[in-house]
Amino acid sequence: MKTVITSTGDKVNSLFDLRFGRAEWFCVYNDETGDINFINNDNKDAQGGAGTKTAEKMVELGVTKVISGDFGPKAKDLLDKFKIQMVILKDDSTIIEEIISKLK
Amino acid sequence: MESYKIAVASGKGGTGKTSVSVSLCHYLRECTDKDITLADCDVEEPNDKIFFSSAALQNSCSIVRSVASINNNRCTYCRQCVEYCEFNAIVVIPSAQYAEINSSLCHSCGACIVACKYDAVYEEPEIIGEVNNYSISDNILLAEGVLKIGSTMQTAVIRDLKSRVCNNKGIVVLDSPPGTSCPFVETVSDADYVVLATEPTPFGLHDLKLAVEVLKQLNVDFGVIVNKSGIGTNDVYDYLNRENVELIGEIPFIKEYAGNYAKGELTSNIPEIIDSSYRDITDRLIQHLYIEKESLSR
Numbered sequence: 001m002k003t004v005i006t007s008t009g010d011k012v013n014s015l016f017d018l019r020f021g022r023a024e025w026f027c028v029y030n031d032e033t034g035d036i037n038f039i040n041n042d043n044k045d046a047q048g049g050a051g052t053k054t055a056e057k058m059v060e061l062g063v064t065k066v067i068s069g070d071f072g073p074k075a076k077d078l079l080d081k082f083k084i085q086m087v088i089l090k091d092d093s094t095i096i097e098e099i100i101s102k103l104k
Numbered sequence: 105m106e107s108y109k110i111a112v113a114s115g116k117g118g119t120g121k122t123s124v125s126v127s128l129c130h131y132l133r134e135c136t137d138k139d140i141t142l143a144d145c146d147v148e149e150p151n152d153k154i155f156f157s158s159a160a161l162q163n164s165c166s167i168v169r170s171v172a173s174i175n176n177n178r179c180t181y182c183r184q185c186v187e188y189c190e191f192n193a194i195v196v197i198p199s200a201q202y203a204e205i206n207s208s209l210c211h212s213c214g215a216c217i218v219a220c221k222y223d224a225v226y227e228e229p230e231i232i233g234e235v236n237n238y239s240i241s242d243n244i245l246l247a248e249g250v251l252k253i254g255s256t257m258q259t260a261v262i263r264d265l266k267s268r269v270c271n272n273k274g275i276v277v278l279d280s281p282p283g284t285s286c287p288f289v290e291t292v293s294d295a296d297y298v299v300l301a302t303e304p305t306p307f308g309l310h311d312l313k314l315a316v317e318v319l320k321q322l323n324v325d326f327g328v329i330v331n332k333s334g335i336g337t338n339d340v341y342d343y344l345n346r347e348n349v350e351l352i353g354e355i356p357f358i359k360e361y362a363g364n365y366a367k368g369e370l371t372s373n374i375p376e377i378i379d380s381s382y383r384d385i386t387d388r389l390i391q392h393l394y395i396e397k398e399s400l401s402r
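Sequences listed follow chains A and B, in order.
Residue numbers for the first sequence follow the working numbering, beginning at 1 and rising by one.
Residue numbers for the second sequence follow the working numbering, beginning at 105 and rising by one.
One chain only, chain B, in its complex shape (with noise of 0.2 Å):
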């Protein structure tokens, strides 16, 4: 069976990527009888979780890499590693026979352990973060990724996390970190469709326009949901017109809404205008991955 992989990103922060997300999952089992995995790639701040009151821990599993690390008594503090680090993660300072490998700049590409001819550097586990497994209900899947506190390896717990669920068969929503960095890239790069959310003020312009950018270098087919539609500006919609984007709906902002949202109840008492917005957004997703609904929802 298939799997098919829609990101929801954005460049801002706060335009609704959680909400979302958490909203397309509820729709997408609700119009399909596939099985749905939310993957939670905001690894530094992960709250998907906080929507689903039912959600219930299945597994835990560590994120370990491998950082490099010099062995004082075999290193010659010849500075051959030090030549070959591109992240200057290694200092050596022959005169006062001083060799160390800073972690938090080690990148774990290797290329120091290639560059010692006296074997004095050898790779080390570091426990960068964690995968938590959550189940929702029969046929919801969660997967979130957690960063450990200090560490800045967001990208290979995304990988991480990625691995481990892009074979699930059905639909993996992954949601993704903000902005338009690597995080950012490592979530969006291989999705079948990407979800722009942003929201019609010149912030959410300003980003949604670096988004846009990096998408269509990526050569990855997107679109844009206006969320929280009524406020700010139209300059967004003038925006996409003009750069010919897919417009695949708009969430209005409501402040009962905004309400249940802040309560953590974001799949029920849904306002009916909200509801069809994203049934429409559903259908429209459906389309986009080429799920014959019919044949589905037999």
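Next comes chain A alone, as it looks inside the complex (with noise of 0.2 Å):
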């Protein structure tokens, strides 16, 4: 199963990053094969439509819960029909790393 993280960096000790649509990385963490990857966010600088387009980004790569700092409206319904879990985190002192240790 895989787990999408907003990241700030592309490094497992990068920051958190509350930023959904517009967050700078994606970590992707599979908690099967224990795999971690970046993915650059190439929807972050968009006039509009971010959030949606990091929605269907996300159901693209088969994710199935994404943790971030909050979610707009638009997001939540795509990832609602597609059954992804959305967890919200506030803590953006927090690194990936710390989060990752806690889905394991």
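Calculated directly from the structure, the hints in this document are not laboratory data.
Every value quoted in this text rests on a predicted model; they were computed, and no experiment measured them.
Incorrect hints may appear among the rest.
Pairs of lysine to any residue residues, derived as SDA-like cross-links and limited to a Cα-Cα distance of at most 25 Å, are as follows [as the list claims (entries may be wrong)]:
1) A:Lys-83 - B:Val-186
2) A:Lys-44 - B:Glu-187
3) B:Lys-252 - B:Gly-117
Examples of chain B residues toward chain A, derived with CB under 7 Å [to be verified]:
4) Phe-191
5) Asn-192
6) Val-195
7) Ile-197
8) Ala-200
9) Asn-206
10) Leu-209
Distance ranges between label pairs, derived from CB positions [unchecked claim]:
11) A:Lys-76 - B:Glu-228: 19 to 25 Å
12) B:Ser-207 - A:Lys-11: 38 to 44 Å
13) B:Asn-177 - A:Asn-13: 45 to 51 Å
14) A:Gly-34 - B:Glu-228: 45 to 51 Å
15) B:Gly-117 - A:Lys-44: 29 to 35 Å
Using N, Cα and C, we set each Cβ at its ideal position, and we do this for glycine too.
Join these two chains into a complex; the hints should help.
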């Protein structure tokens, strides 16, 4: 099962990014294989619809859980439709590694 | 018969666009024999009507736009429409056989319809607001644009409202929405003259500067009314001097007048000093619009 964690950088010691649609990076963590990889967010500077496009990306990636600071209404609708669990975390001082360790 | 368009705008909200618009209509009717149309372009919060107790609704019509939609039976999930859409309004997920257009992001540009080779994209009408026409008196009309709650198509509503009033003979006063973004630009861009209402405060000046910059780029003739003069600082006057912007007039801050405004009584019991300010302002505007006052007030 794949989980996406929004991240400010492309390393496991990068800080968690509170933004969903406009996050800098996405950390994709696979809890079956333990694989961790980072994907750049192409939509972070979109004029509009960043949340929708990012939700679309999540479906394409086949993730079952997304951890971010919050989710806008349009992103939430799409994630709900594909039964992707949304986890809201308000702590922007935490790093990606800490979040992954809690998922294990 | 020619028509003249005066837009009343500001950068900052609460500087007096509505009270200036309503007052200008009142004085333009007194000082000319032109018919007056007041177009309330502040479509998110139209409130000019409040100041006319005699306003009688003549008619009301819906404003409709086309929104793109996808027929899933025809869609091949090729994503060509997604590539064409500048507004990220289209979600197509081939692996999930999913295609949808988000109507709140759609700008009705029609690019997706051109993009689709399979005839899967079509347009549907969507109501985005309405225009209400009120008669105020024999020679004043009020046309009010109202954006449907939840819609973000302010400019489309303003454009529709303007297309209905721009050929009205006489003088059309356009009460602009606040700010300096698209709804403001849509309202003022083809005006014959723009009146910027400001207040002599740091916030008023900050946003006035933004509005002036936009109007310079739009190449529209404009001047400034300092509303609530006597409060705040002199910085706005220094700025107008420095930038060589015309000061059309000042409306002093008088508590009694503010009280009248709060009661919705802008055009009765006007304090003398404010009355004479508005008469001077109206004279200047008439000159700006090249209306020969004498030939009108036979």
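Now for the hints, and whether the structure bears them out:
Our distance criterion of 25 Å between C-alpha atoms is met by A:Lys-83 and B:Val-186, whose separation comes to about 23 Å. Proposed proximity of A:Lys-44 and B:Glu-187 is supported: the alpha carbons are some 17 Å apart, at most 25 Å. Of the supplied pair hints, the one linking B:Lys-252 and B:Gly-117 holds, its CA atoms being roughly 21 Å apart against a limit of 25 Å. At its closest, the beta carbon of B:Phe-191 sits 6 Å from a beta carbon of chain A; the interface hint therefore holds under the 7 Å criterion.
Interface restraint check for B:Asn-192: the shortest CB-CB distance to chain A comes to about 3 Å, inside 7 Å, so the restraint holds. With a cut of 7 Å, the hint placing B:Val-195 at the interface with chain A holds, because the nearest CB-to-CB distance is about 5 Å. A least Cβ separation of about 5 Å between B:Ile-197 and chain A falls short of the 7 Å threshold, and the interface hint therefore holds. Hint status for B:Ala-200: holds, given a least beta-carbon distance of 6 Å to chain A, under 7 Å.
For B:Asn-206, the suggested interface contact is upheld, since its CB lies about 6 Å from the closest CB of chain A, less than 7 Å. With a cut of 7 Å, the hint placing B:Leu-209 at the interface with chain A holds, because the nearest CB-to-CB distance is about 5 Å. Take A:Lys-76 and B:Glu-228: their Cβ atoms lie about 24 Å apart, and the range 19 to 25 Å holds. At about 39 Å, the CB distance of B:Ser-207 to A:Lys-11 agrees with the hint of 38 to 44 Å.
At roughly 49 Å, the beta-carbon separation of B:Asn-177 and A:Asn-13 lies within the given 45 to 51 Å, and the hint holds. Against the hinted window of 45 to 51 Å, the Cβ-Cβ separation of A:Gly-34 and B:Glu-228 comes to about 48 Å, which satisfies the hint. Roughly 31 Å separates the CB atoms of B:Gly-117 and A:Lys-44, a value that falls within the hinted 29 to 35 Å.
In the structure shown, no violation is registered for any of the earlier numbered hints.
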